[in-house]
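Participant: Chains as they are written, first to last, in our numbering: chain A, 1 to 114; chain B, 1 to 342.
Do not rely on the hints blindly, as some may be mistaken.
Straight-line distance between alpha carbons at most 20 Å, and here's what the computed EDC-like set of lysine to aspartate or glutamate pairs gives [claimed, not checked]:
id : chain 1 : residue 1 : chain 2 : residue 2
1  : A       : LYS13     : A       : ASP2
2  : A       : LYS68     : B       : GLU68
3  : A       : LYS68     : B       : GLU26
4  : A       : LYS13     : A       : GLU73
5  : A       : LYS68     : A       : GLU29
6  : A       : LYS13     : B       : GLU9
7  : A       : LYS13     : A       : ASP99
8  : A       : LYS13     : A       : GLU3
9  : B       : LYS45     : B       : GLU13
10 : A       : LYS109    : A       : GLU97
11 : A       : LYS68     : A       : GLU27
12 : B       : LYS45     : A       : ASP2
13 : A       : LYS68     : B       : ASP178
14 : A       : LYS13     : A       : ASP85
15 : A       : LYS68     : A       : ASP2
16 : A       : LYS13     : B       : GLU26
17 : A       : LYS68     : B       : GLU267
18 : A       : LYS109    : A       : ASP99
19 : A       : LYS109    : A       : ASP85
Quick caveat, the hints were computed from the structure, so don't treat them as lab data. Computed from a predicted model, the values in this text were never measured in an experiment.
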Amino acid sequence: MDELGGWLAQLRKGTVELLVLWLLVREGELHGYAIVQQLQSLGRLVAGESTVYPVLKRLEADGYVAAKWSEAESGPPRKYYRLTDAGSEFLSAANHEWDALVESMRELKGAGDE
Amino acid sequence: MSSQSQPLERYLEDLAEGVGALGPLESAEVVREIRGHIEEAAAEKGGAVEDALGSFGPASALAARILEERGLLAGPDALSAAPAWMRAAALLVDATVSAFVLLLLMAVATRPGADRAAAWATLVVWTAIAATLGLLAWWWAVYRRRPLVGTTGLDLLGLRRVRAGSTPMLVRAADIPDLRRPGRVRPAIGLLVAVLFVSAGVASLQDVAHERAVLAVESATDHSSVAVFLVSDLYSQVLNGDLVLPTDDDSFITSEVTPYVTHLVAEHAAGRLIAYTIGDVRITGYAGAEDGPVDVMVGVLELRDRDRGKSVGVTYTVRGTPGAASDDSRPMTYQIVRVEQD
Chain A
1 MDELGGWLAQ
11 LRKGTVELLV
21 LWLLVREGEL
31 HGYAIVQQLQ
41 SLGRLVAGES
51 TVYPVLKRLE
61 ADGYVAAKWS
71 EAESGPPRKY
81 YRLTDAGSEF
91 LSAANHEWDA
101 LVESMRELKG
111 AGDE
Chain B
1 MSSQSQPLER
11 YLEDLAEGVG
21 ALGPLESAEV
31 VREIRGHIEE
41 AAAEKGGAVE
51 DALGSFGPAS
61 ALAARILEER
71 GLLAGPDALS
81 AAPAWMRAAA
91 LLVDATVSAF
101 VLLLLMAVAT
111 RPGADRAAAW
121 ATLVVWTAIA
131 ATLGLLAWWW
141 AVYRRRPLVG
151 TTGLDLLGLR
161 RVRAGSTPML
171 VRAADIPDLR
181 RPGRVRPAIG
191 LLVAVLFVSA
201 GVASLQDVAH
211 ERAVLAVESA
221 TDHSSVAVFL
231 VSDLYSQVLN
241 GDLVLPTDDD
251 SFITSEVTPY
261 VTHLVAEHAA
271 GRLIAYTIGD
281 VRITGYAGAE
291 DGPVDVMVGV
301 LELRDRDRGK
311 SVGVTYTVRG
321 TPGAASDDSR
331 PMTYQIVRVE
341 QD
């Protein structure tokens with residue numbers, strides 16, 4: 001079970017970047033807390049705070065997401081993220097690769113199931 | 001700080017330290033964002049800050065993940081320790097500044113005319129205060145888990161102490177993202193302060209040296225009055241015809257001078273020496289007792305005899321030698337050691 005846990009952790013780590021970008025495509029603009037909440041609601045591929053924030057920092061540094069601070073109606077100010085044009089281009093290319101990967105995996109898995 | 005916010009503040013301080021390699025602006029933004037997340041999560045969960053903190057994991061691990069994602073722990077932009085020569089140069093600068101301060105304190109404590117006991121007591125007190133403050137700073141840094149502040153050497157060499165996750169590093173400020181184009185103001189100010197500091201120290205040492213010289217001249221001048229008295233007394237005795245030439249070493253006339261004095265007596269007996277004036281007194285040198293074994297005052301007296309309307313220039317060199325005691329009240333013995341005629 002521990003081996004499975006380690007593999008899952010690696011899988012999450014590799015996919016959280018795409019998950020964040022897909023979320024921003026779907027929602028338009030989200031702050032860090034909301035991103036974490038929504039990813040956690042996905043269940044199996046749960047990505048916690050300690051994973052999401054480092055990835056957000058890298059995406060921001062790479063220019064794939066832009067951020068702005070906004071005062072909340074109540075509570076502390078929030079930093080909202082949105083996808084940039086560069087992020088969209090990257091996501092488009094990443095989606096293409098992802099689809100190809102999933103297709104290959106499906107084929108291989110199907111062969112294995114037979 | 002409430003007991004509720006204390007763990008949060010401690011966590012954020014650790015996080016800020018851990019992401020220090022991002023530079024001041026970005027690390028402050030990270031801390032601000034994480035603070036907002038934790039406060040929002042805690043508010044939703046009924047104020048349980050510890051639970052919200054737990055979901056982030058240890059601050060050092062979170063910081064390491066952020067640095068890792070930003071490519072500062074591995075890859076082409078990874079932080080690396082500053083070159084050894086820069087670290088050594090920074091250490092040398094700090095050691096020089098410390099030694100200079102110590103020398104300055106010692107120079108003040110040992111300045112001429114100072115009350116030695118009080119001066120050394122002052123030196124010891126200030127050293128103790130400095131050591132205490134240093135220990136308190138060290139203790140505070142350990143207690144608060146904050147690195148010690150930058151030093152003059154680190155600032156001048158453009159180095160920063162940062163933590164790459166939990167690993168302390170000394171890196172070039174120019175390698176830190178926020179500081180890749182570092183302003184020149186702070187190093188310039190540091191350099192200016194260092195130059196002013198060193199200049200003030202040199203000026204202070206020069207003041208001490210000047211004060212020593214002034215005291216030496218004052219002392220020589222004081223002693224020269226004794227030399228004038230000796231020469232005057234010699235001529236008074238010659239003119240009065242009651243000079244008794246010395247027969248022992250205690251006389252103020254040395255054996256080398258005796259033949260000349262005998263000649264003076266003969267001249268007076270022949271009626272050719274009727275008066276004298278002291279035309280000039282010059283101090284040609286003086287060495288204080290603390291400067292070594294040669295504690296000698298040399299005074300040059302120019303004396304002119306009037307030989308039936310004709311002046312004769314005579315120069316007397318008087319040497320003052322201290323006695324056995326080493327303080328300022330030591331007894332001096334004076335001797336006329338040389339006589340020269342123009």
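Participant: Give a verdict on every hint.
Facilitator: Status of each hint after checking the structure:
1. Proximity of LYS13 of chain A to ASP2 of chain A is assessed by CA-CA distance (about 16 Å); at most 20 Å being required, the pair is judged to hold.
2. With a C-alpha separation of about 23 Å, the suggested pairing of LYS68 of chain A with GLU68 of chain B is violated against the 20 Å cut-off.
3. Note on LYS68 of chain A and GLU26 of chain B: the hinted pairing holds, with a Cα-Cα distance of about 13 Å set against a maximum of 20 Å.
4. Between LYS13 of chain A and GLU73 of chain A the CA atoms are separated by roughly 33 Å; this puts the pair beyond 20 Å, and the hint is violated.
5. In summary, the hint linking LYS68 of chain A to GLU29 of chain A is supported, as the alpha carbons are separated by about 10 Å, within the 20 Å threshold.
6. For the hint linking LYS13 of chain A to GLU9 of chain B, the alpha-carbon distance of about 28 Å lies beyond 20 Å, and the restraint is violated.
7. For a cut-off of 20 Å, the pair hint linking LYS13 of chain A to ASP99 of chain A stands: about 18 Å separates their Cα positions.
8. The suggested pairing of LYS13 of chain A with GLU3 of chain A holds, with an alpha-carbon distance near 15 Å, which does not exceed 20 Å.
9. This hinted pair does not check out: LYS45 of chain B and GLU13 of chain B have alpha carbons roughly 23 Å apart, beyond 20 Å.
10. Distance hint between LYS109 of chain A and GLU97 of chain A is fulfilled; the C-alpha atoms sit about 18 Å from each other, no more than 20 Å.
11. Between the alpha carbons of LYS68 of chain A and GLU27 of chain A the distance comes to roughly 16 Å, so the proposed pair stays at or under 20 Å and holds.
12. This hinted pair does not check out: LYS45 of chain B and ASP2 of chain A have alpha carbons roughly 30 Å apart, beyond 20 Å.
13. The straight-line distance between the Cα atoms of LYS68 of chain A and ASP178 of chain B is roughly 18 Å, inside the 20 Å bound, and the hint therefore holds.
14. Taking the CA atoms of LYS13 of chain A and ASP85 of chain A, the gap is near 24 Å; set against the 20 Å cutoff, the hint is violated.
15. Restraint check for LYS68 of chain A and ASP2 of chain A: not satisfied, since their Cα atoms lie roughly 40 Å apart, outside the 20 Å limit.
16. Proximity of LYS13 of chain A to GLU26 of chain B is assessed by CA-CA distance (about 23 Å); at most 20 Å being required, the pair is judged violated.
17. Our distance criterion of 20 Å between C-alpha atoms is broken by LYS68 of chain A and GLU267 of chain B, whose separation comes to about 110 Å.
18. As the CA atoms of LYS109 of chain A and ASP99 of chain A are separated by approximately 15 Å, the hinted pair is consistent with the 20 Å bound.
19. Taking the CA atoms of LYS109 of chain A and ASP85 of chain A, the gap is about 35 Å. The hint is violated against a cut of 20 Å.
In terms of the numbered hints stated before, the structure departs from hints 2, 4, 6, 9, 12, 14, 15, 16, 17 and 19, listed from lowest to highest.
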